[in-house]
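Colleague: As you go down the protein sequences, you meet chains A and B in turn. Going left to right, the first sequence walks through residues 1 to 606 as our numbering numbers them. Going left to right, the second sequence walks through residues 1 to 606 as our numbering numbers them.
Don't read these hints as lab results, they were simulated from the structure. Any given hint could turn out to be false.
Within a straight-line C-alpha distance of at most 25 Å, the following computed DMTMM-like cross-link-like pairs (lysine to aspartate or glutamate) qualify [to be verified]:
| # | chain 1 | residue 1 | chain 2 | residue 2 |
| --- | --- | --- | --- | --- |
| 1 | A | K332 | B | E603 |
| 2 | A | K145 | A | E356 |
| 3 | B | K583 | A | D600 |
| 4 | B | K221 | B | E275 |
| 5 | B | K583 | B | D486 |
| 6 | B | K237 | B | E205 |
| 7 | B | K46 | A | D604 |
| 8 | B | K237 | B | E165 |
| 9 | A | K516 | B | E580 |
| 10 | A | K145 | A | E97 |
| 11 | A | K345 | B | E296 |
| 12 | A | K237 | A | E205 |
| 13 | B | K61 | A | D437 |
| 14 | A | K332 | B | E165 |
| 15 | B | K237 | B | E356 |
| 16 | A | K523 | B | E356 |
| 17 | B | K523 | A | D329 |
| 18 | A | K67 | A | E275 |
| 19 | A | K345 | B | E603 |
| 20 | A | K221 | A | E205 |
| 21 | B | K345 | A | E356 |
| 22 | B | K332 | A | D329 |
| 23 | A | K332 | B | D486 |
| 24 | A | K345 | B | E526 |
| 25 | A | K46 | B | D604 |
| 26 | A | K345 | B | E472 |
| 27 | B | K293 | A | D346 |
| 28 | B | K523 | A | E275 |
| 29 | A | K221 | A | E142 |
| 30 | A | K46 | A | D329 |
| 31 | B | K332 | A | E526 |
| 32 | B | K293 | B | E526 |
2 protein chains.
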Amino acid sequence: MNYQAPLQDMLFAMQELAGLSSVSALQGFEDYDLDTAQAVMQESAKFCAGVVAPLNVGGDKNPSSFKDGAVTTAPGFKEAYAQFTQGGWQGVIHPTEHGGQGFPKLIATPCAEMLHAASLSFALCPMLTDGAIEALLVAGSEELKRKFVGKLISGQWTGTMNLTEPQAGSDLAAVRASAQPQVDGTYKVFGTKIFITYGEHDMAENIIHLVLAKIPAPDGKLVAGTRGISLFIVPKKLVGTDGELTGERNDVALAGLNHKLGWRGTVNTLLNFGEGKYPVNGQAGAIGYLVGKPGEGLGCMFHMMNEARIGVGIAATMLGMAGYFASLDYAKTRPQGRAMGAGGKDVSQPQLRIIEHADVKRMLLAQKSYCEGALALELYCARLVDEQHTGAPEHADEARLLLEVLTPIAKSWPSEWCLEANSLAIQIHGGYGYTRDFPVEQYWRDNRLNMIHEGTHGIQAMDLLGRKVLMESGRGLALLAARITDTAQRASGVAALSAYAAALLAALQQVGSATKAAWATGKPVEALANAVPYMQAFGHTVLAWIWLDVALAVQAEEAGASSAASTGRLAAARYFYHYELPKIGAWLQVVNSRDSTCADLAEDAF
Amino acid sequence: MNYQAPLQDMLFAMQELAGLSSVSALQGFEDYDLDTAQAVMQESAKFCAGVVAPLNVGGDKNPSSFKDGAVTTAPGFKEAYAQFTQGGWQGVIHPTEHGGQGFPKLIATPCAEMLHAASLSFALCPMLTDGAIEALLVAGSEELKRKFVGKLISGQWTGTMNLTEPQAGSDLAAVRASAQPQVDGTYKVFGTKIFITYGEHDMAENIIHLVLAKIPAPDGKLVAGTRGISLFIVPKKLVGTDGELTGERNDVALAGLNHKLGWRGTVNTLLNFGEGKYPVNGQAGAIGYLVGKPGEGLGCMFHMMNEARIGVGIAATMLGMAGYFASLDYAKTRPQGRAMGAGGKDVSQPQLRIIEHADVKRMLLAQKSYCEGALALELYCARLVDEQHTGAPEHADEARLLLEVLTPIAKSWPSEWCLEANSLAIQIHGGYGYTRDFPVEQYWRDNRLNMIHEGTHGIQAMDLLGRKVLMESGRGLALLAARITDTAQRASGVAALSAYAAALLAALQQVGSATKAAWATGKPVEALANAVPYMQAFGHTVLAWIWLDVALAVQAEEAGASSAASTGRLAAARYFYHYELPKIGAWLQVVNSRDSTCADLAEDAF
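In isolation and in its complexed conformation, chain A is listed as follows (with noise of 0.2 Å):
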């Protein structure tokens, strides 16, 4: 994938939409700047088209393998991980004073995406680490960030999040693993995790992971639901206290390998705590650090939980952007068909290329219209992170609420729709699409993996009309509202725009009649039986307003004169008042009438 196209995309949304130019007065950024921004971004460009992008299919047909409890990654992953540790990549977003480069999220967003876009399977490592780092900063004790924090913003180390268990996956309450309290202030761990990214791999020296387990009651049982849930920092070797590795390993054991659709160049483990393969003095369990208060796990991995969601998007976003760019070059050369004319097709005329057939003409711009509007969608959301922890405090606020409400749809929307444009970059292939000498079917293969982890879509959407609406009193909402009504009064002052603007005020008042009427007779059960299709309406005005700002942006800048690139992004644009926001009505049409053909039905007529 040539990077410069979606650089482009990406500093017109950062200067359009989230306000690059204002990030430099919140505390702390004051020497980011436009220039800044784009340095960095080119640097990542090249880093991540030379030296990872070359890895992604191999890592895919080549899979990491183990023996004898040690895993060996896919070809070439370790030395370019050693190169992105080199270049200061993983330290890029955390704060200066443990090392790292202390970046907007602004900025350090791109070059995630980047990253993403060269290949999912290497970029999953950092982000991970990320998580670990987070967390720590966050809520972790300040011996335990002096142990830790340093050597994972090196990228010394890398991290894990262990949620999920076999009994236990979007039901956290069932978490079953235990953190006995030791005399030291430690704890012993026990349990087995599963689908753990990177839990086991030869990148790094050191695997710091994050277990979500439960401290057991006086009685010994564990508490039932997520209150009881605590946080741990459990590392594979044994840290000293000045953050020295002790030579000791810890009792994490390797239990085996998943095997999954995509996400294949990573390393995907069952994990085994404190099963006694590798004893500490003797014994089997393996050391915890509590990280936080005593059943706050929860919360605590929520915080960063947020921002995984976000990570999310960005993954299916730029696996949609990367399959965009491979579709539209395939269809710039690829010849086939003859154009039409009053008489049918004329053979006497050479082949067209493809991207002269307007069905596939189509196909890119809605490749188009999902992928460029969810990428403006993730920086506009990585600029209210930046608002949210450096902002002035009202601004902070405002930018805490919004990402509340927005996170359920900067996760499942490019989870769904960025999948279908990898769907539609297949079709655009045809037969070759469907073969593995191609890049488009690894794409697809690896976005779908984003509308069931950190939280499926029936995840997100219960938060989403179960939580996010209702909260403060409806409070987010209103806000979210606020703005995209502002977007709509600005563009409806401009001709060209002013049927959008009406368009997309209408669809608000249906995303809010029909959030009414959900609720109407306040039963949950009522309410949130139809809360995907709430979501994906949702979804699509919050896309609509997007396309609406990234168009009045467009004219402002234009001001009469056009270029290719703004040709493209209003005719996006367009592409999506026409063909996609006009869905919304079948979606809002079951919330609505709070429909119950599907919670009613017993289960033996299925």
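Given the coordinates of chain A, work out where chain B should sit on it, guided by the hints.
Modeller: The following block gives chain B in isolation, referenced to the frame of chain A:
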């Protein structure tokens, strides 16, 4: 998969929608009644479940390999194929005079369906052999029939279809394979064909290739366009006058295997014809026999292709069905999550099985409505094929015309929506669905080809809007509209169904208006720019008709009583009317306005 549930659905659709009882009124089918159908289908289910289904995962994980031009098929495939031929299954639908069993299409189709559900990769071989037999019976000389048909029907030999070339996929006009006439009336065939399924394998004694090639004009040039294309039979091993092997190899060489996203248990080949690797009498050139008249190859191929397209719809449907039952089983046994009370979830309660969650039910009911609806449509088409071949002239003509209009839907609709069903089946499985330890990810991968081969979605849509709804002055469309209207009128008298009847009539009216609006300017470029959204709306309307017919049949059958199966069918119909049919508005909007957002966009703006 337990075959009893889909078997009941098949029998229901065969009896209630496709008029199984009247099939015995058709000439030659006097002996085929419900009992025969049930007996054959039970036998088929037994064979599929016991012999074929166990090979499906292994075929995916250990695909066929080749060495020195010889292919070793996936483990167990050869043995299963031997049992398949011994059981006489290849001959089910073919004429008794050639050793077949002469079953009606309506009864043979469920057998093919079960084979597809058991293993698509396996089922493709007999399916392609069916095509070769069909082509020979329709267009082959008596000599060719005598030499080839018997051994194809017995399964001793298998067949292939060779259309695609590297530069000629959707654009068959670009075919470059050539056939040089020889003095003995045979031809020497030269050229390269790609994506040839079962083009080489070790399961049968000989392989009979159907090949599209052009006979050069006297000046040695190939005629431009599709009019110059002829159809040839090219056996892998040469065959004597009475169908015996002469012991000589024909000049057809395996150049390589294609590795694909799915269909991995099958053998997908690149074949070189006439390159001199296996010279015949010392000379390069594969010996071929003309089937039908010169220059009429495509017409002949399309005769088969129409049934092949229905075959693709069947394959897509059955993969959808396999995923549905897999996810239904999983949903009934997997505990996860708690009941939702007024105050949220009550963690003191035991976990629910996930089928108790509304969103899981929604995903199951969506699958049920897609797959059972598609199944009924395919069986209805099978009945039309019987009617076309053996019905009284006026019925045969109506059946032919209806098939013309319905074929693009029978091919495209299951390809799109039963693929979506497979995605929902993965979603229900959560993280486990993404692993290769559960069957659903394979179904999804296997199903993705169906929107591409035998005419892409785009090709089907242009066939529908550009040809089928216009042909014979719109008589096909009028005929379909009359049948839809008839169903709606009958349903409008049933209280529980009258709202659906009205919705169906409204949808039909919208599709009719859109057809007119698309062609209002008479310009194909404008009419066809949104052919795919048109086909999507058309397809949803057809399926709404099918579901209303099902609901009517259930109401009539029940007469007040109700069974779980009936409740399920009515719920699936209701789901389709509440959740799916309203989608057509968004699709038709761009057709009505002849929206040119995509078609007009300049290439550099993407």
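Colleague: Could you work out which of the previously given hints the structure breaks and list their numbers from low to high?
Modeller: 2, 15, 17, 20, 21, 22, 23, 28, 29 and 32
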